[in-house]
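Starting from the known structure of chain A, fit chain B onto it as the hints suggest.
Listed here are the chains, written in short residue letters.
2 protein chains.
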Amino acid sequence: MFELVARDCLGRIGVLHTKHGDINTPVLLPVINPNQMNISPSEMKKLFGTNMVITNAYIIYKNEELREKAQNQGVHGLLNFEGAIMTDSGTFQSHVYGDIEVEPQQIVQFQREIGTDIGTILDIFSEVDDKKEKVKKDVEQTIKRASEAVKIKDEMALACTVQGGVFPELRKYCAEELSKLDCELSPIGGVVPLMENYRYKEVVDIIIAVKKGLLPSRPVHLFGAGHPMFFPMAVLLGCDLFDSASYIKYAKDGRLMFQDGTRKIEEMMELPCSCPICNKNSVKDYLDMHKNGDYREMAMHNLHVSFAEIKRIRQAIFEGRLWEYVEKRSRAHPNLLSALKSLRHHKKYLERFETISKKSAFFYTGPESVHRPIVYRYEKRFFERYQHPRTSVQVGFEEGRRPYSKYYKNEIEKISELVDAHFIVNSIFGPVPIELDEMYPFAQSLIPDELEPETTERMRRLMEKHSHRGLFPFAVMWDGDQTLGLLGEVGRQKSKFDMDTQRVKSVADMQFGKGAGEILLGKNVKLIKSKKTGKIRNVISEGEHVLSMRASDGMFTLKIEGARKLHKDFFPPRLRVVVKDDSVHYNREGMNVFAKFVDECDEELRPMDEVLVVNKNDDLIAIGRALMNREEMLSFKIGVAVKVREGVKEV
Amino acid sequence: MFELVARDCLGRIGVLHTKHGDINTPVLLPVINPNQMNISPSEMKKLFGTNMVITNAYIIYKNEELREKAQNQGVHGLLNFEGAIMTDSGTFQSHVYGDIEVEPQQIVQFQREIGTDIGTILDIFSEVDDKKEKVKKDVEQTIKRASEAVKIKDEMALACTVQGGVFPELRKYCAEELSKLDCELSPIGGVVPLMENYRYKEVVDIIIAVKKGLLPSRPVHLFGAGHPMFFPMAVLLGCDLFDSASYIKYAKDGRLMFQDGTRKIEEMMELPCSCPICNKNSVKDYLDMHKNGDYREMAMHNLHVSFAEIKRIRQAIFEGRLWEYVEKRSRAHPNLLSALKSLRHHKKYLERFETISKKSAFFYTGPESVHRPIVYRYEKRFFERYQHPRTSVQVGFEEGRRPYSKYYKNEIEKISELVDAHFIVNSIFGPVPIELDEMYPFAQSLIPDELEPETTERMRRLMEKHSHRGLFPFAVMWDGDQTLGLLGEVGRQKSKFDMDTQRVKSVADMQFGKGAGEILLGKNVKLIKSKKTGKIRNVISEGEHVLSMRASDGMFTLKIEGARKLHKDFFPPRLRVVVKDDSVHYNREGMNVFAKFVDECDEELRPMDEVLVVNKNDDLIAIGRALMNREEMLSFKIGVAVKVREGVKEV
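Protein chains in written order, with my numbering: chain A, 1 to 651; chain B, 1 to 651.
Chain A extracted, bound-state conformation (with noise of 0.2 Å):
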């Protein structure tokens, strides 16, 4: 039901395939209320283009006049929308009322008759402040209305709500079980208290641990959440989908929305937006529609902001900036910086969904930006696969201007004249050999001036493991002049050190595993420099093409003659997918990988490595890129899973 289109980490585009059409994801479902639809849904279809609402099913359960209407025309009929629609089960209301009148199963029925899209089923909100144990109970109950749901959904899609109040290993736990039925979406419950409060970080644990239960290709609705404050954070952890009830319920009350929080009207000198509504009303215009009850102008207002808020988070993506601009949006409050700050502690697990690399720089927005899973992914393989050359010195630079190459050629120059020495950089991402300067992200990066003591503190820190490793008999920070004489006194011996060999040696290595280098070098290598940039464009290893380097992001792709290389040498699973026998032919022919064809995959690939697309003999049949990592290849039933460049004919 769900297919991948684009991602940044765990924030992805996607599409739900609904009866009544294709969802773009993230969306945001406005809430309809049915027994005041103040903007109709088709309306707002026409306003907005939504193509997907939700409503309540126990509220129209519980009217005689709406279940009826319902029941004859079916809740498209009654909404008078042709798009898709999505139901609530009246969890929520046993939150606010305590209790409600239903069975599990009736409304789960009632969905599914109605012709709902997305039916829900209900499942026991837990409070913020329930004990564990009773958090425990409501699991398993949820649990279990969920399996018996599952059983008599039919046509209906299915969501199942993960609950677990404040507990991270009870969310992950009901994620897990939920998983194991065949439902379509898991919706996440139970946080609107936390969010009305201000609580962010606990959100952001309970949706990390979540997702960590949940299998990546179910889309995962974050309930109740309905303030674009915290929709780009949200997206970032893999929600998808939002609804919003805050659009009417502020209006109502006489407030506007807007991206970093809300205004009441009265607190108001202009209105800081370029909506069609804002750009016909004034203050006045507005404080006097609030002083006649009238909210509706004000909730177009409302939505307005919260659709281009979800575009804005799109947009990110397809940039491949979403965590830079999560870092932005978290100045809008204090507690979600603090949740932002928070992120640090989940970078582990975030580094398997983060792309190898990205379309646009890295922006350095503050502290937070070196705990960006990226950074940690550099400085996990800087120190597992990178292999130093062996020269008699090392000598170290401060960050400098990018290209390091560039920036440091006198320098460079210089000190080879005097001694054999390779150069590695004091830079925010940790120590940055000289010759991977080119690679993503390190050219395409963006730094202030002047950095937080927490971020020279890392860099420091990352330098002196780096240097307690004993690599060199000598390493020197460069310090004008002074090194230079030092470095004489050292023993005069012109450098060996060839940049480019070293390049391509350290980049291959650093992309494909400690040992890439070696093999695909071979003893008798060739390079093929652009005439324009003077960059290594081809690599040519023994009269066979083995590798390009792309200008974009100084990395990699991959050529047959490599990937049989490295095949060769590298033993499975490493660089591998596996895929299923029906597949084979199809790849071999140079079409993509689709995820229901992997079988297996090496858990070490991230989306947009390079890989090697092998049959369950382990015979070379395509090589291309991944757009999945392992998790995420062996859940999803749609989609592409690895973009191939060119299939292996058998021979």
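There could be a bad hint or two in this list.
Treat identical chains as interchangeable: a pair holds within one or across any two.
To be verified - Below, in silico cross-link-like pairs of lysine to aspartate or glutamate (EDC-like), each with a Cα-Cα straight-line distance of 20 Å or less: (1) K131 - E454; (2) K212 - E184; (3) K496 - E457; (4) K311 - D581; (5) K311 - D285; (6) K280 - E43; (7) K341 - E457; (8) K311 - D260; (9) K280 - E297; (10) K46 - D285; (11) K359 - E267; (12) K523 - E542; (13) K347 - D449; (14) K637 - E603; (15) K568 - E518.
Hints in this document: simulated from the structure, not taken from any laboratory.
What follows is chain B alone, placed relative to chain A:
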């Protein structure tokens, strides 16, 4: 010509009076190309409420047809616009083309002839690479041309542009010299090459240097800064007018402007914008327009985005949240972040313009937040003004929830049973005595759970500075029961510390100056508290109502009897605003003090400070609240300097 309406630091909402109407500032003037009015000024008026535009007098002058039309119908006829029109002089053309064909006096005269509302001198545009010697000569030439232009400006308002290249001292000098001339506006020129290269930090240094040299009443136009990315910071530092040619230049180039940057249409998958133009178009629509050379709608989008940013800034000033807004916006580009970080070097100057209290809470957005001038002011006042009660010990508490005295209630009670103690919080603002905890910004602040080492290090340093003064025989940080044990050994002596009295005394000292508390409290004090909140509302000293405490910011409003006490014991110029004779009668009647009637002012007074209005003989004639600081009062010709609360009748 320029009136101050509301303010936040150097940022201000103002009114610029022109022959063609009043203009609310900050304002963005769309640049109109008289040769090609793609969106005409009257359309802009209709669509965006534009009341003022800018066009180029040199282009009109050079084109025979335009020149004749302008000479016959005036520039308002030429542009068919009845709003205010500013004209530029050809200086920018001299920067682009190296030379222009008009004499300095000629172009000023021409602008006057065609009825420009604000004309501009032909100043010398120094290039960013020009040597200081050369720039110095340019500045002298600019000053000379300005002083000559002033003689012939007649009824036309004149903009004398501040130059000085990248040299702050020359910028300041130029501003000082231009302040001596009778002109209406002082634009900052020559920053376009810096803006184009994202050299925001240097632009910040230039703006501040100019502001230091310039009369505060002189409106400042930041010439050529047309991208909304930099508007917030420029306004914070006191820029009032902007012009934008970017809206059309970018549109021609197929680029859409956004709050945080610019994007090419072909890089977009969404239109992350809620403006009316984006509402009716898709990415494909824009692409087609671009292909057909039709850039009108993209230009309109760019204007929507630019005007919305100005409105957001105005709302932020109104709310007293401009610093927070600038901090948020500065994450749009690492160089903007650099510029933000550099503001800490100017806090001493900026503090003079910072209001005493604000409408909105202090939201911490990152380590830059503790370098806001208001935090610097607290540090300064705490060490200069605060007087510790004489208790035997002082106990420090770590940061906690607000208000501190409530959060640490139990601890305070336990300790006070045991020993004569005073309490101080290791707050993000520095050491905060417990009794100040309801005063702005302490109670009205929100911070994240986790603070950056940069911030905690500053806190540590200030606590250390405090404790090094050795004011207490015994000082300790609270560490639970262990501390209690330790305090027990110091000696049992139930605390004499009286929170209420101390609160009145300490707030008064901090607000009015060292010793104010003693003076105002006298020997016989009665505190009247709110029955609802239990908070102090009124202070009665020796039977007279001397102070009222505001619930909103925990600060005092001065009553006449309190003012008399301070007036008696604080010698001039402390707390005084001295008014000219013409004004005395009116102020005694309770009318506001207008800036033009201010003769002198205590230079320690800040906007929103309580003041004593006196005549030249230092007789108390009124009390009220300052809306300006000293240099502003002495510079502004129109507008209110002191909002008088009560006049003192002559006896």
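| request: Measure nothing new, just compare the shortest in-copy and cross-copy C-alpha distances for K523 and E542 to 20 Å and report within, between, both or neither. | output: within (7 Å within a copy, 98 Å between copies)
| message | Please sort K131 with E454 into within, between, both or neither, judging by C-alpha distance up to 20 Å. | response | neither (37 Å within a copy, 38 Å between copies)
| task | Pop the pair K341 and E457 into one bin, within, between, both or neither, using alpha-carbon distances up to 20 Å. | result | both (16 Å within a copy, 18 Å between copies)
| query | From the Cα coordinates, with 20 Å as the cut-off, is the pair K311 and D581 best called within, between, both, or neither? | reply | Neither way: K311 and D581 sit 40 Å apart in one copy and 62 Å across, limit 20 Å.
| request: Indicate which option fits the pair K568, E518 if close means a Cα-Cα distance not exceeding 20 Å: within, between, both or neither. | output: within (13 Å within a copy, 88 Å between copies)
| said: With identical chains, the pair K637 and E603 could be close in the same copy or across copies; at 20 Å between alpha carbons, which is it: within, between, both, or neither? | reply: within (19 Å within a copy, 73 Å between copies)
| request: State whether the alpha carbon distance between K359 and E267 is at most 20 Å within one copy, between copies, both, or neither. | output: The answer is between: 10 Å across copies meets 20 Å, while 41 Å in one copy does not.
| said: One pair to classify: K311 and D285, alpha carbons no more than 20 Å apart. Within, between, both, or neither? | reply: between (28 Å within a copy, 17 Å between copies)
| Within a copy, between copies, both or neither: where do K311 and D260 come within 20 Å Cα-Cα? | Both: 15 Å inside a copy, 15 Å across copies.
| said: Reference check for the pair K347 and D449, CA-CA at most 20 Å: within, between, both, or neither? | reply: Only across copies: K347 and D449 sit 19 Å apart there, 26 Å inside one copy, limit 20 Å.
| request: Have a look at K212 and E184 and pick one of within, between, both or neither, based on CA distance no larger than 20 Å. | output: within (17 Å within a copy, 64 Å between copies)
| query | Which holds for K280 with E43 at a C-alpha limit of 20 Å: within a copy, between copies, both or neither? | reply | Classified as both; 19 Å inside a copy, 15 Å across copies.
Taken one by one, the earlier hints fail for this structure at numbers 1, 3 and 4, listed in ascending order.
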